[in-house]
Amino acid sequence: MSVWFSHHLHAFVLAFKRLAITPLGSLLSIAVIGIAFSLPAGIYVLLENLQSLSGQFSGEPELSLFLKLDARESAVAEIESHLEQHPHVAAFRFISRDSALEQFKEGSGLADVIDGLEGNPLPDAFVITASDVSPETLEALRAELGELPPVEHAQLDSAWAKRLDSFLRLGRLAVLMLGGLLSFSLVAVAFNTIRLQILTMRDEIEVAKLIGATKGFIRRPFLYFGAMQGMVGGAAAWLIISLGIHLTDEQLRGLMALYDANFRLYHLSLEDSLTLLLFSAWLGWAGAWLSVTNHLWRIEPR
Amino acid sequence: MISFSQVYKRYPNGYEALKNVSFTLEAGEMALINGHSGAGKTTLLRLIAAIERPTAGSIIVNGQNVSTLKDGAIPFLRRNLGLVFQDQKILFDRTVFQNVLLPLQISGFSSRAAAGRVRAALDKVGLLDRESARPITLSGGEQQRLCIARAIVNRPSILIADEPTSNLDADYARDIMDMFKSFNQVGVTVLIATHDVELLGGMHQRMFTLSHGELIA
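Just so you know, the sequences run in chain order A and B.
Following the working numbering, the numbering of the first sequence begins with 1 at its first residue and continues without gaps.
Following the working numbering, the numbering of the second sequence begins with 1001 at its first residue and continues without gaps.
Don't take every hint at face value.
As the list claims (entries may be wrong) - Over 10 Å on every C-beta distance to chain B, these chain A residues come out as not near it, computed from the model:
#1 I35
#2 L101
#3 A174
#4 E206
#5 V207
#6 G212
#7 R219
As the list claims (entries may be wrong) - 25 Å max Cα-Cα, derived BS3-like pairs, lysine-lysine:
#8 B:K1089 / B:K1181
#9 A:K17 / A:K215
#10 A:K68 / A:K17
#11 B:K1181 / B:K1124
#12 B:K1089 / B:K1019
#13 A:K17 / B:K1089
#14 A:K215 / B:K1070
#15 B:K1124 / B:K1070
#16 B:K1181 / A:K215
Said to hold, decoys possible - Derived coverage of chain B by chain A (criterion: at least 3 residues anywhere in the stretch with Cβ under 8 Å from a Cβ of chain A; other residues may be distant):
#17 1069-1079
#18 1096-1109
Bear in mind the hints are in silico, worked out from the structure with no lab data behind them.
Heads up, the beta-carbon is just placed ideally off N, CA and C, and yes, glycines get one too.
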């Protein structure tokens, strides 16, 4: 156990020294990793924010039923009792065509124009809140109620939220693909840095092999180096995103005040941040492992 | 204990470095391997440390059959051997102390226990006052002593040296040889390859003589 610990401590310290001994080179590698990673992670944050934004605006999805203009009161009562018994309807309210006209007059400021109209062009309407907000149920409900004879048109208010949702899904796929590609670049960065290190430390590796170093002993500092570089790169990506969010949030606050909305950008969650760090560390480790396995066997004592 | 039996070493280009070599060196013995350059002295030593593998025959070192040893077991064989290389293989980017420390780091010593051992080894070869020096600032004889310190710091049971006195003048060379003798006196098995027999004229040691890959005496 203490031998194991001493070996790992030795490898860790060695890796740290190697990172520190070439500050400019390390800084550039870390910057490359950070920038490469801040792209997919940044888009991810943007999407998460868009989603919370859509949640805030749409609230409970509502279904509007517009009745035919010539619908009689008996038809309205019929629909009312139908809705009361419907299992998927949680609540509903009735807006008569007269009160709709009143609201429109007040809200639009077009009272004079509306007064000039011959009759009331607005239909009676029901606004329904469904008991189950899954898009499938809502769609089924919309189709079913739209079939009722006095109903002219049934409309889901959350249609735009659905569109946004599928847009977000597309965006997540793009993030995944971009992340995959850029992860590969992180592996490549680690691979090449380690390759250069191995070449410059040829003598040291050869001597270590001659005096009884195992493959693991020689490999370990390189693996630590790769993981460390990857993790610091991940931290750089995190900082870049933080800065981006901070700057955007300032601008956004003004914009949101205009729309009277209280919306703040939120940062990567603790869980997401840890995942980012661990994943980039793992990628660096993997690149180092590939490089070491690929190059170390070529250095045999002469 | 080192035992060769009917060992052959043939290189891919057809050159036969060793032909039918058999000998046994008991634990605690000291012997010299002597012969013209290209006689196969270095090859013989490299076979003991499994730096190369024999084409035929068996080599037993400390009860282990080196010729059939798995790659993963080789590091542990080498930790029981003290090796002094012909080309020294000193790491010039670290201090004398760090050069000697390396074998202990490889064996997983804690740094405190290791420091004591490094100083003891440096003391034995007379380099204690140079521990923080850079190897490049050492004289040829001092560099050779640094290699010996690195070879003995792990307290190996077998010490193997390839031409440890080449490029040294007679006084230095005699010092080095005396050092090996004193290690032998405390029970270490010592095997030294050298082409410089005259220098060792005064020594009454067991001697193997190689000529064109064959053991002739």
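We went through each hint and held it up to the structure:
no.: 1; hint: I35; verdict: holds (33 Å)
no.: 2; hint: L101; verdict: holds (88 Å)
no.: 3; hint: A174; verdict: holds (46 Å)
no.: 4; hint: E206; verdict: violated (7 Å)
no.: 5; hint: V207; verdict: violated (5 Å)
no.: 6; hint: G212; verdict: violated (4 Å)
no.: 7; hint: R219; verdict: holds (12 Å)
no.: 8; hint: B:K1089 / B:K1181; verdict: holds (23 Å)
no.: 9; hint: A:K17 / A:K215; verdict: holds (20 Å)
no.: 10; hint: A:K68 / A:K17; verdict: violated (79 Å)
no.: 11; hint: B:K1181 / B:K1124; verdict: holds (13 Å)
no.: 12; hint: B:K1089 / B:K1019; verdict: violated (28 Å)
no.: 13; hint: A:K17 / B:K1089; verdict: holds (23 Å)
no.: 14; hint: A:K215 / B:K1070; verdict: holds (13 Å)
no.: 15; hint: B:K1124 / B:K1070; verdict: violated (34 Å)
no.: 16; hint: B:K1181 / A:K215; verdict: violated (34 Å)
no.: 17; hint: 1069-1079; verdict: holds (count 6)
no.: 18; hint: 1096-1109; verdict: holds (count 7)
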